[in-house]
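Participant: Under my numbering, the letters of the sequence shown match residues 3 to 260, in that order.
Note that these hints are calculated values from the structure, not bench results.
Every clue listed holds true.
BS3-like mimics (lysine-lysine), calculated; alpha carbons at most 27 angstroms apart, straight line:
(1) Lys188 x Lys44
(2) Lys32 x Lys44
(3) Lys32 x Lys188
Okay, the calculated beta carbon distance ranges per label pair:
(4) Ala41 x Ile7: 42 to 52 angstroms
(5) Val9 x Ala47: 49 to 59 angstroms
(6) Ala47 x Leu241: 14 to 24 angstroms
(7) Ile7 x Ala47: 47 to 57 angstroms
(8) Phe30 x Thr101: 43 to 53 angstroms
(9) Leu149 x Ile111: 12 to 22 angstroms
(10) Pro92 x Thr157: 17 to 27 angstroms
(11) Asn6 x Thr199: 32 to 42 angstroms
(12) Gly110 x Leu10: 20 to 30 angstroms
(13) Gly99 x Val39: 49 to 59 angstroms
A quick note: this is a predicted structure, and the numbers were derived from the prediction, not measured.
Cβ atoms here follow ideal geometry from the backbone N, Cα and C, with glycine treated the same way.
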Amino acid sequence: LIVNIGVLKTFSVLGVAYFIAVTGAALFMKDPPPDYVPAGWKPSATQTKQRSATDYTLREALRQWQWYALWAILFLNTSAGISIISQAAPMAQEITGVTAAVAAGMVGIISIANGAGRFLLAWFSDLIGRRTVFLTMFLVQAVAFWLLTSVSTFTIFTSIAFVILMCYGGGFGTMPAFAADYFGPKDVGSIYGLMLTAWGFAGVLGPTLIARIRQGTGHYAQALHVISIIMLVSAVLPLFTRPPQAQAHARDKNRRAA
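Using the sequences and the accompanying hints, generate a full structural model.
Facilitator: Below is the structure:
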């Protein structure tokens, strides 16, 4: 489309297409009955254990430190993924010596990981828990970013970038369920919706951090090492984040009502 009609008209065409697709799909959506569950569905022991027995409103969730911990987890995980997305093509050219056309094709390939991670890692979190998935993603990314500085072949570079983008997508797939586990499903739309501001802040930090360090040092190695260390330190957050205490929440609610 860009070649045939130009960038601006391409955006217009895509905007109209997305509007029609999203609006059309929305016409078929409806709220489920109260307390609805799919026929035959039974939550696993892990799901039952990690689910909150209390439904928090957005205002109540914002009074819990856990909301800010989840925001920080999403922010840090997203910052790492966006840093790679923003620099994947020039980084591949610099590190592996491929052409611009090959590097651009790689960006399309690793974008598949972004989508796959949203499904696979979210599903995996149902089996082993949200905290464990985020802990694993941070540790995997710490290793992956460090390894990127020592690769020389395009295939290995693409494989490592694929893993990082899976973790990036996995964060978006897992965090809504994480928020519902901690604050209940009733108002999770607004609770997670506000949490998505982390994506916006990460979109500034991630690309800026890697670009500034690359510009200052003349290569990507130090930038990748810095992000690797950030991911390693970030693993502390899911390790120590625990659900809000229902008893404390009830006491706070009673005090405010008094």
